[in-house]
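**Q** Residues per chain, in single letters:
Number of protein chains: 2
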Amino acid sequence: MTTPSAGWTTDRTAGSAPDPGPGAGSPALLTDRYELTMLQAALRDGTAHRRCVFEVFTRRLPPGRRYGVVAGTGRVLEEIERFRFGTPELDWLSDERVVDDATLEYLAGYRFTGSVVGYAEGETFFPSSPVLVVSGTFAEAVLLETLTLSVLNYDSAVASAASRMTSAAVDRPCLEMGSRRAHEHAGVAAARAAVVAGFAGTSNLEAGRRYGLTTIGTAAHAFTLLHDDEEAAFAAQVAALGTGTTLLVDTYDVHRGVERALAVAGTGLGAVRLDSGDLGVLAHEVRAQLDAAGATGTRITVTSDLDEHAIAALAVAPVDSYGVGTSVVTGSGAPTCGMVYKLVAREGADGRLAPVAKASAAKTSVGGRKGAARRVVDGRAVEEVLVGGADERVAAWVADPDPGALGPDRGAGELRPLHVPLVTDGVVDARWTGAGGVVAAAERHHASRAELPRGARRLSADEACVPTTALTLPA
Amino acid sequence: MTTPSAGWTTDRTAGSAPDPGPGAGSPALLTDRYELTMLQAALRDGTAHRRCVFEVFTRRLPPGRRYGVVAGTGRVLEEIERFRFGTPELDWLSDERVVDDATLEYLAGYRFTGSVVGYAEGETFFPSSPVLVVSGTFAEAVLLETLTLSVLNYDSAVASAASRMTSAAVDRPCLEMGSRRAHEHAGVAAARAAVVAGFAGTSNLEAGRRYGLTTIGTAAHAFTLLHDDEEAAFAAQVAALGTGTTLLVDTYDVHRGVERALAVAGTGLGAVRLDSGDLGVLAHEVRAQLDAAGATGTRITVTSDLDEHAIAALAVAPVDSYGVGTSVVTGSGAPTCGMVYKLVAREGADGRLAPVAKASAAKTSVGGRKGAARRVVDGRAVEEVLVGGADERVAAWVADPDPGALGPDRGAGELRPLHVPLVTDGVVDARWTGAGGVVAAAERHHASRAELPRGARRLSADEACVPTTALTLPA
Chain A
1 MTTPSAGWTT
11 DRTAGSAPDP
21 GPGAGSPALL
31 TDRYELTMLQ
41 AALRDGTAHR
51 RCVFEVFTRR
61 LPPGRRYGVV
71 AGTGRVLEEI
81 ERFRFGTPEL
91 DWLSDERVVD
101 DATLEYLAGY
111 RFTGSVVGYA
121 EGETFFPSSP
131 VLVVSGTFAE
141 AVLLETLTLS
151 VLNYDSAVAS
161 AASRMTSAAV
171 DRPCLEMGSR
181 RAHEHAGVAA
191 ARAAVVAGFA
201 GTSNLEAGRR
211 YGLTTIGTAA
221 HAFTLLHDDE
231 EAAFAAQVAA
241 LGTGTTLLVD
251 TYDVHRGVER
261 ALAVAGTGLG
271 AVRLDSGDLG
281 VLAHEVRAQL
291 DAAGATGTRI
301 TVTSDLDEHA
311 IAALAVAPVD
321 SYGVGTSVVT
331 GSGAPTCGMV
341 YKLVAREGAD
351 GRLAPVAKAS
361 AAKTSVGGRK
371 GAARRVVDGR
381 AVEEVLVGGA
391 DERVAAWVAD
401 PDPGALGPDR
411 GAGELRPLHV
421 PLVTDGVVDA
431 RWTGAGGVVA
441 AAERHHASRA
451 ELPRGARRLS
461 ADEACVPTTA
471 LTLPA
Chain B
1 MTTPSAGWTT
11 DRTAGSAPDP
21 GPGAGSPALL
31 TDRYELTMLQ
41 AALRDGTAHR
51 RCVFEVFTRR
61 LPPGRRYGVV
71 AGTGRVLEEI
81 ERFRFGTPEL
91 DWLSDERVVD
101 DATLEYLAGY
111 RFTGSVVGYA
121 EGETFFPSSP
131 VLVVSGTFAE
141 AVLLETLTLS
151 VLNYDSAVAS
161 AASRMTSAAV
171 DRPCLEMGSR
181 RAHEHAGVAA
191 ARAAVVAGFA
201 GTSNLEAGRR
211 YGLTTIGTAA
221 HAFTLLHDDE
231 EAAFAAQVAA
241 LGTGTTLLVD
251 TYDVHRGVER
261 ALAVAGTGLG
271 AVRLDSGDLG
281 VLAHEVRAQL
291 DAAGATGTRI
301 TVTSDLDEHA
311 IAALAVAPVD
321 SYGVGTSVVT
331 GSGAPTCGMV
341 YKLVAREGAD
351 GRLAPVAKAS
361 AAKTSVGGRK
371 GAARRVVDGR
381 AVEEVLVGGA
391 DERVAAWVAD
401 PDPGALGPDR
411 GAGELRPLHV
421 PLVTDGVVDA
431 RWTGAGGVVA
441 AAERHHASRA
451 ELPRGARRLS
461 ADEACVPTTA
471 LTLPA
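Taken in sequence, the protein lines are chains A and B.
For what it's worth, the working numbering labels the leading residue of the first sequence as 1, then goes sequentially.
For what it's worth, the working numbering labels the leading residue of the second sequence as 1, then goes sequentially.
It should be emphasised that the hints constitute simulated quantities derived from the structure, not laboratory data.
Note that the structure is a prediction, hence the values are computed from the model and not measured.
Ideal Cβ placement from N, Cα and C applies to all residues, glycine included.
A few of these clues could be false.
[Claimed, not checked] So, partial list: chain B residues that the calculated Cβ filter (under 8 Å) puts toward chain A:
(1) Arg50
(2) Glu96
(3) Leu147
(4) Glu184
(5) Gly217
(6) Asp228
(7) Pro335
(8) Leu343
Just need the whole structure built from these sequences, with the hints factored in.
**A** Right, dumping it as structure tokens:
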């Protein structure tokens, strides 16, 4: 009753490298104009070549959320590899005089040669968690700001919502089918992010092709209406797709629909789908109807504006899988994360890396590069620990994090380091990209969520379930 | 004080045909799996070739919204032209056994040969408005469902929110700068949709390149922090971009920032940007400071989580333009429209087109193809009129809509037809695509919104500002 494919036509696609399509074009112009004009000004006065550290983090979780889920990291890395200014981009920038010739020349030779560390994709995060840390010259790092944030903010919003849904569904599979409620390319990313957060598959074919995701589907009301009557539609579907298919039974009357479905397909019918009405009541009635007819193996899948709360409310109904659309691709009320890409340290005139932070009202940032670890006691996360200070001290702490540094009252448990290398001197670590990256991210999410404190998976509004402590290590 | 480019580095790009990038790949797999498996079943029993009419409409507006704005129509048409199954797509579908060989053969030859009419892009809409009507065989029309809805649902959500913002801003320009808060490709579509709804420009370079939009930008806090001090940053920016540039003055202290900006750029400084704090209070203070220093022509632009309500609240502040990010690209609380793509008529076994509609609880649809017109009295819209009935009667009514048909009490005014031809026998009308399509859509939106009843532009929650009447013409 709870196999990942319960009630859906499924197809586990082979893992393969992500293919953005033949010559899918450079992502370099998916960028705010000011990144390029700042570059022009910085090239002119030489500061463009100062070494810099940018951190990506969010100041707060969406209201009521207890944790967030990092997603999109693999996509960011794939985009960094493709981030080049080719002739079409350079010609347009030149024709439009967006930047001067010296800047065009720099862009023509651009490739990212810096380094990136970050939370592994799928990891949970909290306010201030430095989920990505980009090191390089100002020029090379600033150009990645817009694209990096676009990917992480959208994908993490989806994964953060999706995790609540898979949590509410316990061991019943959730299937992503919201492509039509999102921008056509966002739908592909949403499918991927949902799978990172535990979804079993997606209706989106391109997501199947690009990331090796399981693709699923049933049929629409239009298919029934196309035919002269419901029996003809069911017969056509069973003839083409076999009795293991899922028949949509609510075009006219659900119980007559179930009768007709069994008459056509027999008691070996794979599943029926309910897409309207009081799903909990209907599921009980249809389960009884199916069982009475001997179709005890026929599963019930439900769809229709489900979100994490609706899924939780159906926990006691005899439902075998959930198809989720709008709410997952729009982040269930939080359609973007508030992640920002902030300069936290830069090389000064003296050649040394120095912490920097703005002082704007209500938007203060903490300067300096930070290490991050999660303190875990008896297998449960109790604290997110961020440490700043002299770079060498931070590096030493990250290499061998010692809970004792937190003081005698917080020395229990162990510190799990959170930053993993993603890009080293311009070379992307292929473990995190493509279909393999999605599998790794889903595993990381499963483990990270299991480690959260009891109660973290409650859907009711509350604070972040793990507090964050920021320490400055003594010099 | 209110030129479209007030306070921003601007660049009106030349209009040009949309370029999705070299070999950007077919959009054919941006599609739900079930569209293809339904096709397989319908090809097998012959119903795939029945003539069909699908309508796109929404059952309701987002809570409190008084009207919606159709956007994305031009993008739908561009995608229809590119909707082909090439070798990469067919190979993947074959390898994964998504559909059988007969279906693959059909897909290999696929191109849309049907017709599409719809509301002109930029038009306002209400619940049940048939914003797009797709006619063709089941096979050719069903394949377009997912992609059509993805585009219209996202773009219309953005335009519907953006229209409230430009309405609240009255004659002060709104600039779109939310790319980093949306999926990287959604950001491009959001920029386009915002401009349809009256935004003056966007920070997104790809949107500038693809749709000829004005691109704008200032500088980020990182640019100031990169430098040894604020003066050095301002000097670098002015040296590179001229005194007409916009300086971001809130990295440290706003008033010191303004002092330094004027010291560096002189009173000919183009603008200052405020991105934090109480923007209304700060704008008054900064205006006084600028004026006292003689910089009476220096403009003030504000950013920082603005939405339509924040913009309205700033109406009395001396602000020259608004930079809007998160709220516009996420639809300001309504990140997707609930548009559906429903079969309303299909050829029966007798070869005649017959209306169809499902009877599911709470999701009933009205069958039959419908004409649409807006009744306008003294230049104000008073009623959305949808007419169904025999096709010939509907066609005759659409060709010459007569208010008298609505009954004696509603015979006043005139009926403005809402459907325009978009695709005729597979040929896309180029008026609606590319950069020219965006210009036309922005003009349509401006006129359509001006025609709404007084009070329609109130931001407070209320019902749709124009009621919808559905009539069935007598046979």
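**Q** All the hints need checking, so say for each whether the structure fits it.
**A** Status of the hints after comparison with the structure:
1. Here the hint on Arg50(B) is kept, as its CB sits about 6 Å from the closest CB of chain A, short of 8 Å.
2. Annotation: Glu96(B) was flagged as interfacial toward chain A, and the flag holds, the nearest CB pair being 5 Å apart, inside 8 Å.
3. Annotation: Leu147(B) was flagged as interfacial toward chain A, and the flag holds, the nearest CB pair being 6 Å apart, inside 8 Å.
4. Annotation: Glu184(B) was flagged as interfacial toward chain A, and the flag holds, the nearest CB pair being 4 Å apart, inside 8 Å.
5. Because the smallest distance between the Cβ of Gly217(B) and any Cβ of chain A comes to about 3 Å, under 8 Å, the interface hint for this residue holds.
6. For Asp228(B), the shortest C-beta to C-beta distance to chain A is roughly 6 Å, which falls under 8 Å, so the interface hint holds.
7. The closest approach between the C-beta of Pro335(B) and any C-beta of chain A is roughly 4 Å, which is under the 8 Å cut-off, so the hint is satisfied.
8. For Leu343(B), the interface hint holds, the least distance from its beta-carbon to any beta-carbon of chain A being 4 Å, beneath 8 Å.
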